[in-house]
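S.K.: Those sequence lines, one after another, are chains P and W. Numbered per our numbering, the first sequence spans residues 92 to 351. Numbered per our numbering, the second sequence spans residues 2 to 333.
What the hints contain is simulated information worked out from the structure, not anything from laboratory work. Accuracy of the hints is not assured; some may be wrong.
[Claimed, not checked] Covered stretches of chain W, as calculated for chain P (at least 3 residues, CB under 8 Å):
1) 73 to 84
2) 120 to 129
3) 261 to 270
Note that beta-carbon positions come from the ideal geometry of N, C-alpha and C, so glycine has one too.
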Amino acid sequence: MTSIRVSTVFGALLRRDLRVARRELPYFLLRTIMQPLLFIIVFGSLLPKMGFVRSGYTTALLPGILALSLTLAAVQSVTLPMVQDFGWTKEIEDRLLAPIPTPYIAAEKIVVGVIQGVIAALVVLPASWLIMGSIPGFTLVHFGAVLAVTVLGATTFSALGLLIGSTISPQQIGLMFSVFIAPMIFFGCTYYPWRGLDVVPVAKYGVLIDPLVYVSEGMRGALTPEVPHMPLAVVLLAMSILVVVFWTLAVRAFLKRAVG
Amino acid sequence: MTPAIRTQGLRKVYPPPSGRPGRNGRGPAAAAAQAAPIVALHGLDLEVAEGEFFGLLGPNGAGKTTTIGILTTRIIATAGQAIVAGADVLLEAVAVRQRIGVVPQRPNPDRSLDVFENLLYHAAYFGIGTQAATARALALLERLGIADKARAKVDELSGGQQQRLMIARALIHDPRVIFLDEPTVGLDPQARLAFWEILRELHGQGRTIIMTTHYMEEADQLCDRIAIVDGGRLLALDTPEVLKARAPGGTLIELVLDSDATPALERARAVLGVTGVEARGVVVRAFSDRGGEVIPALITAAEQSGRTLKNINFSAPSLETLFISLTGRKLD
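Required output: the full structure, derived from the provided sequences and hints.
M.R.: Below, the structure is given as C-alpha cells:
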C-alpha cells in the first residue's frame, strides 16, 4: 500500500473547511463587517460631525479598525468550531483519523483562520474607505508592509483562536469574550495610537502584553505613516515571536485535546 | 499468517479526574479517592487473525473503548505495544490510519456537510480522487440502503441511518481492518438486525472486524471469537461455543429475597442439582445442571431461612451466565 502524501491530505482538509466557510460566507461577512461598520459610522462620521472629536481622528481609527476586524475574524473562525467540535459534536474525529500526523491537522485549522482573517481585511479596508471618505495621510504605498502585518496578525490570532478553542469548554465562550477579548480590544491600540499613551507610562508599557497592539500599530505604520506609531521593525519582530509562541502552544493544546 | 492485530501488555492509566470541589463529596477521603489515577487497561494481550470477526465483550468501564481508542491511534497507551494491520499504532500512526476504518460509539458525521459530501471528503482525506470517490460513495449508499438520502443534511437522518452513514464512511477508503465501537447502541431491534446483516456481509468479504458490545446476543451471533473483558483485564477468550460450554453448571437461577441472602446460602447449596451458589446482597445465585427443576426446592430453601421470595430470574447457559460467573455482575 503506497502511503499518501501529507500535502494531499492537508489539501483535502483545507478544501473541506473552505467549502464550509464558503457556505457560511454571508454570515461571515455580516459578522466581520458589523462592528467596524458601527465604529466607523459613530467614531469616523457622527462624532467628527458633532465636533466631539477632531476630524483627523479617522486617520488614527482606520488602521485600528482594520486590525480589529482581521484579528477577530481569525480568532472566531477557529475558536468557535473547535469549541463545538471538542465540546459537543466530536465531529472532528473523522479528520483525526485522516492519514496525516495530527500536528498538521492543527496547522490546517490555523491556515483556515489566516485565510478568513485576510478576507476580512480585504472586505473592511475598502468598506471603511467608502464610508469615511477621504482619510488624511492614508497611503497604500507601503503595500508590502500592509500585507506582512495582515498575514502575521491573522496567523497570530488564528493560532490564539486554536489555543482558546482547544482549551475552553463550550460554557466558557461567553466568559471568554467578556473577560479576554473585550479588554484585548480596548487595550489593543485600536481606537488610539500607542504613542498617544506617552502621557500614561503605566498603560503604555502595560498594553505591550496585548498582541493586538502590534497589529494595530503595524497597520498604523503601514497605512497612515504620519500618525506617530511603533517602528515597523519592532512590530514585525514582536509579531514573528508571537506567531511562534502561539503556534507552539496551540498545537500542543490541540494535541492534548485530540489524543487521549 | 501475520495477525491483523497484536497487542502486548497494553496498559492505560488515566490521570486522576480534576475533581470540582463540592461535586463528588467532600473531605480528605473523597479527595484521595478522586486523586487516584484510573487504570483502564491492566496489560492486555490480544491477537486477532486476518479476516476474523472479533468481539470485545464487557460492561461499561471495562476498557473496551480505551482498547479501541489505542488500536485506532486516538489514545496513546501508557505502556505496551499494539500492531494493527502490520504497523505500530504509536510509531506508525499514519500508516495504521490509512489501513483502518472506524465506526464510532455515537455517530459523529460532519454536520456541516451533507450525506454525500461526508463520504466524498472523507475519501479525499485518504487521497481518493473525486471521480473514484463519487462512484464508491454512490455504491456504498446504495448497498446500505440510504441512497435516497445522498443529498440530505445529516440531521435529517434517523439514528439507524446515521449509523449506516458511519459504516459507509468507514468503508470508503477500503480499509483492511474495521473497528466498531458499540455500533448498535440506540438502534431499535429492527435496525439492529439490519445492521447485523451488513456486518455479516462485510465479514463475508474477508475483512477483519473488531467490535465492542455489551450485548451478549450480538457477540454470540456475529463473532468468530470473543474476548470477555472487565476492569481492564482479559477474563476469557475463545469462540462463542467454547465459552458457552464453559458456563458453570449450566442454568443460572437468581432468587431475589426481601433481605440479606446469606442465611439462605447453605440450604440452597444442599438442593439436589445445584452445582454452585453464591449470595450477593439480597440475591442468591444458583447454578443448576437440571435446568429449572431445582426452582421449587430453592424457593423452599429460601423460605425455610426466614426469607420471602420477591422475584426470580432464570437464564439458560449462555455467555451471560459465563460472564456473571467470571465477574460477579451482569452486563448492563
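S.K.: May I ask which of the numbered hints given earlier this structure violates, with the numbers listed in increasing order?
M.R.: The structure conflicts with hint 3 only, although it agrees with all the remaining ones.
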